[in-house]
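Peer 1: Mind docking chain B on chain A? Use the hints.
Protein chains: 2
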Amino acid sequence: MPSWFDLATDKKQRQQNVIPKEWLITPPPASTLNVIGIPETCGLLTPQELVITNEDVDGLLKKLASGEWTAVAVTTAFYKRAIIAQQLVNCLTEIFVERALARAAELDEAFKRTGKVVGPLHGLPISLKDQLCIKGLETTMGYVSWIGKYAEKNAVLVDILEECGAVPFVRTNVPQTLMWPETSNNIFGRTTNPHNRSLTSGGSSGGEGALVALRGSPMGVGSDIGGSVRIPSACCGVYGLRPSYGRVPYGGALNSLEGQDSILSVFGPITGSISGLKAFMEAVIKAKPWLKDPLAVRKKWDEDEYQLKDRDNGRKLCFAIMWDDGVCVPHPPITRALKRVQATLTNAGHNVITWYPIEHKRLGDLTRYIWEAGASEDFMVTASETGEPIISTMVPDSNEATVAPFRPKKGGLTAYQLWQFQKEKTDLRALYLQHWNSTVASTGTGRPVDAIICPAAPYPATPHGHFRYTNYTTVWNALDYTASIFPVTTVDPAIDVKQPRENFIDAFDKQVHEMYQPEVFRNAPVCLQVVGRTLDEEGVIAMTEIVDAALKTTNKRL
Amino acid sequence: MPSWFDLATDKKQRQQNVIPKEWLITPPPASTLNVIGIPETCGLLTPQELVITNEDVDGLLKKLASGEWTAVAVTTAFYKRAIIAQQLVNCLTEIFVERALARAAELDEAFKRTGKVVGPLHGLPISLKDQLCIKGLETTMGYVSWIGKYAEKNAVLVDILEECGAVPFVRTNVPQTLMWPETSNNIFGRTTNPHNRSLTSGGSSGGEGALVALRGSPMGVGSDIGGSVRIPSACCGVYGLRPSYGRVPYGGALNSLEGQDSILSVFGPITGSISGLKAFMEAVIKAKPWLKDPLAVRKKWDEDEYQLKDRDNGRKLCFAIMWDDGVCVPHPPITRALKRVQATLTNAGHNVITWYPIEHKRLGDLTRYIWEAGASEDFMVTASETGEPIISTMVPDSNEATVAPFRPKKGGLTAYQLWQFQKEKTDLRALYLQHWNSTVASTGTGRPVDAIICPAAPYPATPHGHFRYTNYTTVWNALDYTASIFPVTTVDPAIDVKQPRENFIDAFDKQVHEMYQPEVFRNAPVCLQVVGRTLDEEGVIAMTEIVDAALKTTNKRL
Numbered sequence: 001m002p003s004w005f006d007l008a009t010d011k012k013q014r015q016q017n018v019i020p021k022e023w024l025i026t027p028p029p030a031s032t033l034n035v036i037g038i039p040e041t042c043g044l045l046t047p048q049e050l051v052i053t054n055e056d057v058d059g060l061l062k063k064l065a066s067g068e069w070t071a072v073a074v075t076t077a078f079y080k081r082a083i084i085a086q087q088l089v090n091c092l093t094e095i096f097v098e099r100a101l102a103r104a105a106e107l108d109e110a111f112k113r114t115g116k117v118v119g120p121l122h123g124l125p126i127s128l129k130d131q132l133c134i135k136g137l138e139t140t141m142g143y144v145s146w147i148g149k150y151a152e153k154n155a156v157l158v159d160i161l162e163e164c165g166a167v168p169f170v171r172t173n174v175p176q177t178l179m180w181p182e183t184s185n186n187i188f189g190r191t192t193n194p195h196n197r198s199l200t201s202g203g204s205s206g207g208e209g210a211l212v213a214l215r216g217s218p219m220g221v222g223s224d225i226g227g228s229v230r231i232p233s234a235c236c237g238v239y240g241l242r243p244s245y246g247r248v249p250y251g252g253a254l255n256s257l258e259g260q261d262s263i264l265s266v267f268g269p270i271t272g273s274i275s276g277l278k279a280f281m282e283a284v285i286k287a288k289p290w291l292k293d294p295l296a297v298r299k300k301w302d303e304d305e306y307q308l309k310d311r312d313n314g315r316k317l318c319f320a321i322m323w324d325d326g327v328c329v330p331h332p333p334i335t336r337a338l339k340r341v342q343a344t345l346t347n348a349g350h351n352v353i354t355w356y357p358i359e360h361k362r363l364g365d366l367t368r369y370i371w372e373a374g375a376s377e378d379f380m381v382t383a384s385e386t387g388e389p390i391i392s393t394m395v396p397d398s399n400e401a402t403v404a405p406f407r408p409k410k411g412g413l414t415a416y417q418l419w420q421f422q423k424e425k426t427d428l429r430a431l432y433l434q435h436w437n438s439t440v441a442s443t444g445t446g447r448p449v450d451a452i453i454c455p456a457a458p459y460p461a462t463p464h465g466h467f468r469y470t471n472y473t474t475v476w477n478a479l480d481y482t483a484s485i486f487p488v489t490t491v492d493p494a495i496d497v498k499q500p501r502e503n504f505i506d507a508f509d510k511q512v513h514e515m516y517q518p519e520v521f522r523n524a525p526v527c528l529q530v531v532g533r534t535l536d537e538e539g540v541i542a543m544t545e546i547v548d549a550a551l552k553t554t555n556k557r558l
Numbered sequence: 001m002p003s004w005f006d007l008a009t010d011k012k013q014r015q016q017n018v019i020p021k022e023w024l025i026t027p028p029p030a031s032t033l034n035v036i037g038i039p040e041t042c043g044l045l046t047p048q049e050l051v052i053t054n055e056d057v058d059g060l061l062k063k064l065a066s067g068e069w070t071a072v073a074v075t076t077a078f079y080k081r082a083i084i085a086q087q088l089v090n091c092l093t094e095i096f097v098e099r100a101l102a103r104a105a106e107l108d109e110a111f112k113r114t115g116k117v118v119g120p121l122h123g124l125p126i127s128l129k130d131q132l133c134i135k136g137l138e139t140t141m142g143y144v145s146w147i148g149k150y151a152e153k154n155a156v157l158v159d160i161l162e163e164c165g166a167v168p169f170v171r172t173n174v175p176q177t178l179m180w181p182e183t184s185n186n187i188f189g190r191t192t193n194p195h196n197r198s199l200t201s202g203g204s205s206g207g208e209g210a211l212v213a214l215r216g217s218p219m220g221v222g223s224d225i226g227g228s229v230r231i232p233s234a235c236c237g238v239y240g241l242r243p244s245y246g247r248v249p250y251g252g253a254l255n256s257l258e259g260q261d262s263i264l265s266v267f268g269p270i271t272g273s274i275s276g277l278k279a280f281m282e283a284v285i286k287a288k289p290w291l292k293d294p295l296a297v298r299k300k301w302d303e304d305e306y307q308l309k310d311r312d313n314g315r316k317l318c319f320a321i322m323w324d325d326g327v328c329v330p331h332p333p334i335t336r337a338l339k340r341v342q343a344t345l346t347n348a349g350h351n352v353i354t355w356y357p358i359e360h361k362r363l364g365d366l367t368r369y370i371w372e373a374g375a376s377e378d379f380m381v382t383a384s385e386t387g388e389p390i391i392s393t394m395v396p397d398s399n400e401a402t403v404a405p406f407r408p409k410k411g412g413l414t415a416y417q418l419w420q421f422q423k424e425k426t427d428l429r430a431l432y433l434q435h436w437n438s439t440v441a442s443t444g445t446g447r448p449v450d451a452i453i454c455p456a457a458p459y460p461a462t463p464h465g466h467f468r469y470t471n472y473t474t475v476w477n478a479l480d481y482t483a484s485i486f487p488v489t490t491v492d493p494a495i496d497v498k499q500p501r502e503n504f505i506d507a508f509d510k511q512v513h514e515m516y517q518p519e520v521f522r523n524a525p526v527c528l529q530v531v532g533r534t535l536d537e538e539g540v541i542a543m544t545e546i547v548d549a550a551l552k553t554t555n556k557r558l
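Same order as they appear, the protein sequences are chains A and B. For the first sequence, the UniProt record's numbering gives the first residue as 1, with consecutive numbering after it. For the second sequence, the UniProt record's numbering gives the first residue as 1, with consecutive numbering after it.
Same shape as in the complex, but just chain A (with noise of 0.2 angstroms):
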């Protein structure tokens, strides 16, 4: 049997493989630091290509289902983007140009012939995170011991994506494990961030989060376990949507921690467009993926809450700002994005009052107190058959002595010393939920807190290795609440310099601030979370979409 180590080199050398010899560029030195613009300025792609890689998810599907575009002509143009963006990033894993452009030739054949779209996505390219099995694909997740496993049938979301008439192209990497908020693997090694390419790209939906970023997809496919959608989010400056549980099927894709039945992972849409939020959940969701999952939520689409029709119809909402978790402040350029959402809701006529958090410590110490249950074992059982090494630190050339914020080293537990923990977590989430109908008091709209804008993470993208704390994006997994991550900012060493701070909530807090170099998070984007309750994606959509409306608005008056 050959090494873990030339099964991880035969599989990348098959990557490069599969990319077609005209489409590559002339990579910019290591030096270059943000690629972003890149994918317009190298010259491989079209004025046209420009135009439809440019275009947002809305005006894509309007295209399409007019007619005006083809699903080939999109799917190309996409396409040729995430050669270039992989080239500029490393950001796919599976590549398969020809079946996704045969399925595109088909859309457009159904449409010619019947003068109507195939679904609600026609001919929208889509990446998927490499767990989304394909038939007939291999699916790594980041594991040499998964190289050659070829899935015997589709994840359901793929299906019914395929059944919505979107055309998936792509598939993009993710670190070992999943476990992790950074993007590199024994096999694919290392996903950059394309505003500045000596910071992360978040993770686990790394891939996803600096392929949307360069526009290589119009939408993507992320997991979240503890921020996997909304950290490569935040990273890479683009939007996200963490659902709550089973909202979104989850059936035959891989994952981690399989059988861990307290705090689950869900999938969900990545997107450089505000529209392709409520375009993927309402498509998926009106597909009734509950009749293809046992675990997806036998819940419609419910168009009166994306009306907010209990709440005002959107006119007067009250948001509530968390400025920081109690646990760490958040770098200078984050409240400046915080201060710019308030200042502009207000200005939009919403009342913006204070979150206050509780017990955010003792929910991501519970979170990691379950995952570790048996986190451990599972991914040593997993990584056994190659005998490939576990990453147990993403710092690059470390000599593994840091110390990684999950990474679990010890034996784990029982299964009642584990029930222990998920008991004291619904007791919080009780509490939690007690907490946030107690603010009618203080909204001024007759209702509790509508949602909490807060950030999500204490810093934008960090240098790769040093995204260790995840709780403000962790702790809404706990509490299994809707959470969406859109754009505000950039970090501009000009405005956002770094603030001398007397006191510090304790040792941690201190060493988040010291992290915080002007220069070094440069052009690094700042973006924040909507927060709402419990299964409220529609709720939580339309409130994403008064804010980025706002903020727009606001922009463009600037």
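Simulated from the structure, these hints should not be mistaken for laboratory data. Please note: incorrect hints may appear among the correct ones.
A pair counts as met if it fits within one copy or between any two copies, since identical chains are not told apart.
The list that follows gives simulated cross-link-like pairs (lysine to any residue, SDA-like), each with its CA atoms no further than 20 angstroms apart [what the hints assert, rightly or not]:
1. K423 x Y245
2. K288 x Y306
3. K423 x A151
4. K423 x L264
5. K300 x D480
6. K288 x D304
Peer 2: Quick look at chain B alone, frame taken from chain A:
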């Protein structure tokens, strides 16, 4: 500190003390097995109280809403009848007459003042399983160790029922630990079956089943993790519903195996009238329990699903009958009931095909492994406060040598081992869903099977200590399918003769067969289940109503 025995004796005495002396009847001798008619004949109830307590839920709600009957009159009538039931079958735990009557008087006052009902369950007395905390009352759940623990607040469901205008008035008996299909504990002793007191009332909601069967309550709330609503409903000949996880709020209630997040206990109605199922579910769901309990599913009452809009409006359905589960063949009266339903539904114009069970034994085993993972420690930790013995068999006067179906003796599992069983269960859920979908080929309706009809157990209510096999109900908990219970007939030794069998699946099947002795089971109700998909409460209720109406029409014709 007093011994556990003294604590239990004192608690039982306190219960006895709150029963109004004038409501004591002369109890029938122990040799009187069938006591179902005694409330009518004992002389305690006035003719009007008999009319009230014999009315169904729909009629009660209408007469209360029109002001024809007051809440005080209705509560008093059911109260008296509940106290009669207690003297016959020992079904109650907490008795709080004054509190309930005060609440009823408040409702009458509000109705008089406003001319309107307080809510959809205005004035309806509701009994509650002894897990549903009520502020200021003890909840022992069959544990001596919990005597003296007074609740600081209501369970969420109690709050919602009160908001809906219902009048909680008694709590009902359970087995110690809840994890048992019969009803006995060290405090209150054993609840018996009013149709035949030598038989079990079932469990764990056995107090509810017996009370509702005697019409001592028009509607009760039970809980169901493996059949605990359905088994007592079936044993006692009343209606019951096991909703899917989270459809009815569980927050603030006590429970066993807390923190076990994989196969969840759920609350559901147990009622003497078919109309009670919808009345309860619609009222609770319309109260938006997800705003009060983080585990309650945000899913509105779906009137279209109740109207079976996507299922030919219920005109021509396809039911699949599961004659046995592949593990043990039901007793003759159960099979007779299935045949009657088959003929009735066919006559009513529906299609009826056979349901082929798959993996039922493995699903039952996995369920037990998941519960056993930490159950032993859970029980021991709870009981250790007073040192009361864990009841390891329900056989009366047993020397404890008999091995019982769910009394885990061993040390439990590691979290990683638990995850492997949970993963396998999820895989089997996916397989079962495919199996269900595949029936589209044989239903003749263009849809997969609309509902399964199957036994609730291989036997009717058994002699005490002999209800050992719960997998006819438990398998649907593992799959999280919605399942109701409806009555069909009762055991008639003249018809339900013992039938010789030559071939047996295995020794266990033979043992179940040999248990059947017509005379022993005389008068035992025979009920069946209607089983639908996950979170299809509206559809299952509607289809149960269709089956029930067809049976009633047939019975009238005969």
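Peer 1: A separate judgement is required for each hint: does it hold in the structure or not?
Peer 2: Hints versus structure:
no., hint, verdict
1, K423 x Y245, "both (18 angstroms within a copy, 16 angstroms between copies)"
2, K288 x Y306, "both (18 angstroms within a copy, 17 angstroms between copies)"
3, K423 x A151, "between (37 angstroms within a copy, 19 angstroms between copies)"
4, K423 x L264, "both (15 angstroms within a copy, 12 angstroms between copies)"
5, K300 x D480, "both (19 angstroms within a copy, 19 angstroms between copies)"
6, K288 x D304, "both (18 angstroms within a copy, 15 angstroms between copies)"
Taken one by one, the earlier hints all hold for this structure without exception.
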